[in-house]
Every structure is written in structure tokens, then in C-alpha cells.
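Peer 1: Here are the chains, one letter per residue:
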Amino acid sequence: MKSLISLLGVMTVLGALAGCQNLGVQPWERDLLAKPVMTPGAADGLDDALDDHIYFSKEASSGGRGFGGGGCGCN
Amino acid sequence: MKQGRDEMYKALTLEQDGPLWRGRFVAMASPCECLVRGVDESLAREVAESVAAEAWRIEHKYSRYRDDNLVAAINAGDQQWVTLDEETVRLLDFADQCWRLSDGAFDITSGVLRRAWRFDGSDQVPQPEQVHALLPLVGWDKVEREAGCIRLQKGMELDLGGIGKEYAVDSAFQQAGKLTDADLLVNFGGDLVARAATSPWQVGMEGTARPMAGQLQFTTGALATSGDSRRYLLRNGIRYSHVLDPRSGWPVADAPRAVTVFGQQCTQAGLLSTLALLQGRDAETMLGDAGVQYWIQWGDDAAVTG
Amino acid sequence: MKKMLDGKKIGAGLAAATCSLLGQPAMAQDSTDAWQFDSAVLYYSEQDRVTAVEPVVRAKKQFQDESELEMKLTLDTLTGASHNGAITSDKPQTFTSPSGNSSYQVTNEVPLDDAFKDTRVAANMQYTRPFTRNLRWTGGLNFSNEYDFTSLGLNAGLLWDLNNKNTTLTFGVAHEADTIDPVGGSPVGLTFQSDEDKTDGSEDKSINDFLIGMTQVINRRWIMQLNYNLSVSDGYHTDPYKIVTVVDANGDPLEAESFGANDIGAGDAQVFELRPDSRTKNALYWENRYHFNRDVLAVGYRFMSDDWGITSHTLDVKYRFQFDNGWYLQPHVRWYDQSEADFYKESITASELTSLQNSQGEVSADYRLGNLTDTTYGFKVGKEWANNQQLSLRVESFTQSGDSDASELDALITQVGYTFYW
Numbered sequence: 001m002k003s004l005i006s007l008l009g010v011m012t013v014l015g016a017l018a019g020c021q022n023l024g025v026q027p028w029e030r031d032l033l034a035k036p037v038m039t040p041g042a043a044d045g046l047d048d049a050l051d052d053h054i055y056f057s058k059e060a061s062s063g064g065r066g067f068g069g070g071g072c073g074c075n
Numbered sequence: 076m077k078q079g080r081d082e083m084y085k086a087l088t089l090e091q092d093g094p095l096w097r098g099r100f101v102a103m104a105s106p107c108e109c110l111v112r113g114v115d116e117s118l119a120r121e122v123a124e125s126v127a128a129e130a131w132r133i134e135h136k137y138s139r140y141r142d143d144n145l146v147a148a149i150n151a152g153d154q155q156w157v158t159l160d161e162e163t164v165r166l167l168d169f170a171d172q173c174w175r176l177s178d179g180a181f182d183i184t185s186g187v188l189r190r191a192w193r194f195d196g197s198d199q200v201p202q203p204e205q206v207h208a209l210l211p212l213v214g215w216d217k218v219e220r221e222a223g224c225i226r227l228q229k230g231m232e233l234d235l236g237g238i239g240k241e242y243a244v245d246s247a248f249q250q251a252g253k254l255t256d257a258d259l260l261v262n263f264g265g266d267l268v269a270r271a272a273t274s275p276w277q278v279g280m281e282g283t284a285r286p287m288a289g290q291l292q293f294t295t296g297a298l299a300t301s302g303d304s305r306r307y308l309l310r311n312g313i314r315y316s317h318v319l320d321p322r323s324g325w326p327v328a329d330a331p332r333a334v335t336v337f338g339q340q341c342t343q344a345g346l347l348s349t350l351a352l353l354q355g356r357d358a359e360t361m362l363g364d365a366g367v368q369y370w371i372q373w374g375d376d377a378a379v380t381g
Numbered sequence: 382m383k384k385m386l387d388g389k390k391i392g393a394g395l396a397a398a399t400c401s402l403l404g405q406p407a408m409a410q411d412s413t414d415a416w417q418f419d420s421a422v423l424y425y426s427e428q429d430r431v432t433a434v435e436p437v438v439r440a441k442k443q444f445q446d447e448s449e450l451e452m453k454l455t456l457d458t459l460t461g462a463s464h465n466g467a468i469t470s471d472k473p474q475t476f477t478s479p480s481g482n483s484s485y486q487v488t489n490e491v492p493l494d495d496a497f498k499d500t501r502v503a504a505n506m507q508y509t510r511p512f513t514r515n516l517r518w519t520g521g522l523n524f525s526n527e528y529d530f531t532s533l534g535l536n537a538g539l540l541w542d543l544n545n546k547n548t549t550l551t552f553g554v555a556h557e558a559d560t561i562d563p564v565g566g567s568p569v570g571l572t573f574q575s576d577e578d579k580t581d582g583s584e585d586k587s588i589n590d591f592l593i594g595m596t597q598v599i600n601r602r603w604i605m606q607l608n609y610n611l612s613v614s615d616g617y618h619t620d621p622y623k624i625v626t627v628v629d630a631n632g633d634p635l636e637a638e639s640f641g642a643n644d645i646g647a648g649d650a651q652v653f654e655l656r657p658d659s660r661t662k663n664a665l666y667w668e669n670r671y672h673f674n675r676d677v678l679a680v681g682y683r684f685m686s687d688d689w690g691i692t693s694h695t696l697d698v699k700y701r702f703q704f705d706n707g708w709y710l711q712p713h714v715r716w717y718d719q720s721e722a723d724f725y726k727e728s729i730t731a732s733e734l735t736s737l738q739n740s741q742g743e744v745s746a747d748y749r750l751g752n753l754t755d756t757t758y759g760f761k762v763g764k765e766w767a768n769n770q771q772l773s774l775r776v777e778s779f780t781q782s783g784d785s786d787a788s789e790l791d792a793l794i795t796q797v798g799y800t801f802y803w
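Protein chains in written order, with the numbering used here: chain A, 1 to 75; chain B, 76 to 381; chain C, 382 to 803.
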């Protein structure tokens, strides 16, 4: 039940942010955003995945950036 | 006399504004400019000269107001086969593509309709019979083409005015772009294409009826506008737009006053805006589906953007 | 007479016609034809403990229909020793190896299980495809296998572009089925290691993940991502190789024989740990990327809490100094802090053991479930060429620190990466 409540909380936050129509840029202003370094998850190639694996096996937390499953017997 | 006019045309001025060089000249009855950023004067001049030379070359080759060029030969009305160079073949192939994509709404043979329609702001709407009599002379499908050659039926005319300026912008931009890696903008009477490495170009948008939404910022892309609110006929309270449907010979119903499209190349943006005009009230739907950024001027209202 | 034209067809047709008019290859061509290969070798080395070498290769391709295929292969070779869960004591302690075939004694040091050696192979595949202008679906498969562990996973998701693609909403679900087949069998929790009370056969765990996310362009320089991830797992969560030391009032290890268990040496009162058979994790992740004139700042923050009582905060900051000719230098700092699980105990007393055994309560002395603060700092240096080839080197230092001696750990992370198109 606790998780359901936080889920609803996040949905509300997302909804509120999605309502901000004046945020954002026009297509021709995407010169900087189009670079890989400005793409969450793709900016540093394989670093994120390797980091997630290291810290999954050394800490009690996982997920957030993507799914939390580790596919690894290390924890 | 003609010689004198050519001389006057071929005036190119170059001025400096901080790191920006601006070359100005007149071509295709429009003020033209070439902006180049962060180069020395001699390179700026070389770039501007190459842009002007390309504009003048294309104007000379495809203007229908001359009697000494290829278009004049094609339109001579003697039903002779005319041999085409490779560039003209590409332009006609492009016109053919536009004709197909628009189901015949875009037609480079539609210029003869101007014999009946004069959009001078008056109430001189032609008689239906006048228009009807011209329809046999309109139709790209009536033009005969073979490898590298073309033949028009008697009385028909080709007019590349609907493509020429946008093509000239792209072509001049390509040529000048080979001379330098610097930021570059080529603008022929509001149809423009630009590139920049980092700091974007600021382009002021000018409305046809009233100012459109302010300034655009972009690094790479092209902007083209079709439509002209000054060209219309008004009779019995009905406004006849200058956008003619070549299939009926009559103005397109509910055509927007002007359509501006942002695209990758000027030719692409220009033809999208032209085809949108020809769609009348469906212009906006078409541009939305085409997935481009656009501004539509309906009547005297503010521009609709999407 | 006049029918509605297909704007999508016109847009694409004109773009192609313009390209052939201007004698250019159609725009998308060069990027669609090539596969992008990202490759990297990670060398991870802990002082006195584990060393891992992990080569990865990923191939990515975008097709004409804007769909995208991604395949990744990872090899992970581990050697060295890891903490077995027991306390560090100045009295001798005796342990058995996981297979039960041998025993070893440790005094004055963090007790490590030496027989740690494994090779993991993992393969991932992900396919994403647009089905309307603003919607894309994605589906993926994951497979991973090591000596005592097999994992099979699949995921599906929906990506929804809004506001001129300035907002992208992500909805994803994933299922993972794990099979654990411990060396020497699965120990019975809370029994003495010296008794070797183990059951044959494998144990299972299944994980269901839900993710909702939003990526929002704030302005030309700033993009933000917010994710919420719910992860529910059921089944075998116990680490079959971890034990808990039973201590006396002075904190010294007791003897197994005093509990009626087998005597294999001094300080052998070590019981197998036992964890709950389910876990629900909630994670909130917030990432910001800001592009200065040339440099880029990336700040990520994650909050996680689970029903084991663990709460954690992670802060990750990268700053890319962009230089001429495609060179860049990117310092990286990561800070992590977690609170202990409800059932974490560095060691237990005889009476605590009795009450745990009576209630089948859970206990683990795995330092990774205790209070923990980690810091990572280092840098990456790279060069990008005009043809999008990229070479990079990453060197980072990773330090863990917590309540027990076992949690004090230093490691070096070194990684070489190479990206090319083919």
C-alpha cells in the first residue's frame, strides 16, 4: 500500500510538470540537446551500465535510472 | 538598355558588423544577402561573390522575362524538341515529383492562367469562358519528355518561378559552404538557409499582413514563405486569392494568406509551403502531418503556428 | 474533385526530391546504414579482495522505419575473495568452504572466503519501434548465466512524446526470473555452518519491475529526467555463502559444539544467514543535464527505500570540460549513503540466536545491508573524431565505509572505451 501511495504521488508530480507547456524548445533550437552528451542514459556510453553493475554488487540499492533487477547473483 | 539593367543589378556591397560580414545585392526582383561570421574580409568577399554569382546565374538561366535563355527556347511555341542540360533535367524531375505528390495542384505549366487573372487588387474577375479557354494549355501531363529533351504543345509555357528562388538559395549556399567552414546564412528575399557551429542565427519573422511571432533562433535549417496578401481580387465582397488551382483555373477556396515552413533545405521548405497554400483550408492538417514547424497567416488574424 | 493529400507522404517525398535535386545523399542515409559499436573493458580491483575484468560490446542500429535494435554482450570474470559475513576478531575463527570440503582459520583479519571465482556471461537485446508519430514501443530480452546463477528477463515499454517532443513519458514493465544453484547446496538458515545442513536443488527468485519516467526539455541548454521505479521481488534472497558469528558477552566468537553442533575448530559458532523471502523497493531518480557554452554538467540524485528498512541517497555529479579537437576531460564524483536493514546484525548472541530460531526470524551480517557510506571520485578523458569514433579512459577510486571492519574497502575502477561505426 505504501508503494501505491508513492506511485500516485509521482504520477501527480509528473502530471503537474507535463502541464508546463511553456517549457521546451522549438525543433531548430535542438542543436545542443541533440548531442549524445545531453541524452540521459546515452551520454557516457557503457559507463552507466557498468557502474550500475558495480554498485549493485556492493550496495543494497539498485534501479531508478532503469529497472532494478540485476541479472546477477552477486547480491 | 538591357545591358544597363544588368550592370545595375550586379552591384554587390559588403559591410562589416562586428564579427559578421554582410554582402547585399539584388536578384530575382528581391533584396538578397549573404551573412558570414568570423572570417577575414577577403574570404567574406569571396563567399559573398560566389553567392551573388550563383543567384545571377540561375536568374539568367531560368527567368521567363528574358528572350535569350533556355526557358525562352522551351516556351518558343514552335513545338520543337529542346535539349536540356543536366541541371534543368534535375529541376524538371523535381517539378514532376511535386506535381505527383500534390495530385496536380502544383504545376509549372499553370503560368498561362495569368493571361486571364491579374491580381492587382481590383474587381476584374475573369469570365468563366475566358478561364475555360486557357485550360487546354495547362497540365504537366501534356508535356512530352524524353531522355534529356522536352517539347511543349503550342501555346503552353513553363514557369520555374515557383522553384527557382528556393533552388538558388540552396545552390548558392552549397557553393559558398565549400569555401569556408564558417557560420553562413543565405537569404533571398526572405527565403533562407543557414548553418552555424555553436551560436545560433537570429532571424526576424515578418508577417505579410501584420508582424508574425517575433524572432526565430536556429543553428541549422531553412525558412521559406509562400503567399502574398497584396495579390488578390475583390468582387461583391468575395476575396479571390492569387493561388490558382491549375486543374480548375480558379483560385483555391479558403487559401491562407501566407505559409512559412522551417525545413532542412530551402527548396523543401518552400515547396511544402506552396503545396500547403494549394490545400486551402486543409493547409494546417497537411503541414501537421508532414511533421515540420510552420506558421500560417489566415486572413488578418495572427499567425497559427505548429 | 479535390481530395485530402497525405501530408506525411508529401513531407517525406519532398525531402527526398530536394536531396536528389541538390545532388545530396538523403539526410538520414549515412547514419542509418552503419552499426554503432560501443566497446569497453572494465578493470575493477579491490585491495586484498575481488578483482573483476569485464569486457562489453554493444551494437546499435537505426533502421529506415526509425526502429532501433540494440544488442549487448557482457563477460565478467571475477577472481579473489569476498567477506563471508563473520566478525573480525583477535580470537581465531574456523570456517568451512562453500563446498564443505575444506576448512580455514582466520585471526585478526576480515574473514574472507577465498574460493571466490566466477565467470558471468550476459546478453541483452532491445528493440524500439514507432507506431504513431508520438508513440514508440520497446521490448527487450536479458539473459545472464554464471556458475551458480541463471537469470532470464524480459521487458516491455511505451515511450510517448508530447509538447513537440519536449516531454517524453516512459512506461515500462519488466519481469526477471532467477535460479540460484549454490555450490554445495542451499544452506538451511540459522543452522551452524559446521553442520553442513544444506538442501540439494536450486532456489528461485522472481522480480517484477515497474517504471514511469518523464524526460523534459527545460530550455535549449537544460534537460531533466525524473523516474519512479517500483521493484517487487519474491523468492530466495538469502546469500548462501554468508554467515553470522555467534558471540559471547565480550563479543568473542563462541564454539559450535556448545550448541550441540559439529566441532571443526576454534571459534566455529557461525550460522548461515537468513533473509526475508520478499522485497519491495521504491526508487526515485532525478537527472539534470546542463550545457554551458562548451562544457556540460550532469547531476543525478536517487532516493531509494525498501521494506527491509533500507533507505539510501545517491548523488552523482559529472562535469565535462570540452576542449578543441574533440578532446574532453570529465571529473566524476559519486556519493552514496544507506541505512541498515532491520535484520542486519554484525553478530548475534546465543540468546538472540535462540529467539531467531524459535521465530524463524531473519538475520544477516552482510556489510552491504548495514549502514554504509561510499564515495567515488575520478575522471574520464576522451577524444571524439569527426567520424564519430571515440576513445576514452576512465580512472576512479571507490571507497566504502560502514559500521564493521568488513565494510572498509578500497577499490580502483579503470575502464577503456572505444566507439566506432561500421
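If you are wondering where the hints come from, they were derived from the structure by calculation, not from laboratory data. None of these values were measured; they are calculated from a predicted model. Hints are supplied without guarantee of correctness; some may be wrong.
[As the list claims (entries may be wrong)] Distance condition first, Cα-Cα at most 30 Å in a straight line; then the derived DSBU-like pairs of lysine-lysine:
| no. | chain 1 | residue 1 | chain 2 | residue 2 |
| --- | --- | --- | --- | --- |
| 1 | C | Lys453 | C | Lys761 |
| 2 | A | Lys35 | C | Lys472 |
| 3 | C | Lys390 | A | Lys35 |
| 4 | B | Lys136 | B | Lys253 |
| 5 | C | Lys579 | C | Lys390 |
| 6 | C | Lys389 | A | Lys35 |
| 7 | C | Lys764 | B | Lys217 |
| 8 | A | Lys35 | C | Lys546 |
| 9 | B | Lys253 | C | Lys764 |
| 10 | C | Lys441 | C | Lys579 |
| 11 | C | Lys472 | C | Lys579 |
| 12 | C | Lys390 | B | Lys217 |
| 13 | C | Lys390 | C | Lys441 |
[Stated by the list, open to error] Computed far set for chain B versus chain C, every beta-carbon distance over 12 Å:
| no. | residue |
| --- | --- |
| 14 | Ala170 |
| 15 | Arg175 |
| 16 | Leu176 |
| 17 | Gln199 |
| 18 | Pro201 |
| 19 | His207 |
| 20 | Pro211 |
| 21 | Leu254 |
| 22 | Ala297 |
| 23 | Leu308 |
| 24 | Gly338 |
| 25 | Gly345 |
| 26 | Ala351 |
The beta carbon of each residue, even a glycine, is placed where N, CA and C say it ideally should be.
Peer 1: Decide, hint by hint, whether the structure agrees.
Peer 2: Quick rundown of the hints versus the structure:
Proximity of C:Lys453 to C:Lys761 is assessed by CA-CA distance (about 22 Å); at most 30 Å being required, the pair is judged to hold. Proximity of A:Lys35 to C:Lys472 is assessed by CA-CA distance (about 59 Å); at most 30 Å being required, the pair is judged violated. The straight-line distance between the Cα atoms of C:Lys390 and A:Lys35 is roughly 28 Å, inside the 30 Å bound, and the hint therefore holds. Of the pairs offered as hints, the one joining B:Lys136 and B:Lys253 holds, with about 23 Å between alpha carbons and a cut-off of 30 Å not exceeded.
Annotation: proposed proximity of C:Lys579 to C:Lys390 is violated, straight-line Cα distance about 67 Å (limit 30 Å). A hinted pair counts as satisfied when its Cα atoms are at most 30 Å apart, and C:Lys389 with A:Lys35 qualifies at roughly 26 Å. Between C:Lys764 and B:Lys217 the CA atoms are separated by roughly 58 Å; this puts the pair beyond 30 Å, and the hint is violated. For the suggested pair A:Lys35 and C:Lys546, the alpha carbons sit about 15 Å apart, so the restraint of at most 30 Å is met.
Taken as a hint, the B:Lys253 and C:Lys764 pair is honoured in the structure, with Cα atoms around 26 Å apart against an allowance of 30 Å. Among the hinted pairs, C:Lys441 with C:Lys579 is inconsistent with the structure: their alpha-carbon atoms are about 45 Å apart, more than 30 Å. Restraint check: the Cα-Cα separation between C:Lys472 and C:Lys579 comes to about 27 Å, which is no more than 30 Å; the hinted pair holds. Taking the CA atoms of C:Lys390 and B:Lys217, the gap is near 25 Å; set against the 30 Å cutoff, the hint holds.
Taking the CA atoms of C:Lys390 and C:Lys441, the gap is about 27 Å. The hint holds against a cut of 30 Å. The beta carbon of B:Ala170 sits about 9 Å from the closest Cβ of chain C, which is not more than 12 Å, so the claim that it is off the interface is violated. The beta carbon of B:Arg175 sits about 8 Å from the closest Cβ of chain C, which is not more than 12 Å, so the claim that it is off the interface is violated. Listed as a non-interface residue, B:Leu176 fails to keep its Cβ farther than 12 Å from every Cβ of chain C; the least gap is roughly 5 Å.
No Cβ of chain C comes within 12 Å of the Cβ of B:Gln199; the nearest lies about 25 Å off, and the non-interface call holds. For B:Pro201, the condition that its CB be more than 12 Å from all CB atoms of chain C holds, with the nearest at approximately 20 Å. No beta-carbon of chain C comes within 12 Å of the beta-carbon of B:His207; the shortest separation is about 15 Å. Every Cβ of chain C is farther than 12 Å from the Cβ of B:Pro211; the closest lies at roughly 18 Å, confirming the non-interface assignment.
Every Cβ of chain C is farther than 12 Å from the Cβ of B:Leu254; the closest lies at roughly 17 Å, confirming the non-interface assignment. In this structure B:Ala297 is not separated from chain C by more than 12 Å, as the shortest Cβ-Cβ distance comes to only about 10 Å. Annotated as non-interface, B:Leu308 keeps its C-beta farther than 12 Å from every C-beta of chain C; the closest such distance is 21 Å. Residue placement check: B:Gly338 does not keep its beta carbon more than 12 Å from all beta carbons of chain C (closest about 8 Å).
For B:Gly345, the condition that its CB be more than 12 Å from all CB atoms of chain C is violated, with the nearest at approximately 9 Å. With a minimum CB-CB distance of about 9 Å to chain C, B:Ala351 fails to clear the 12 Å threshold, and the non-interface call is violated.
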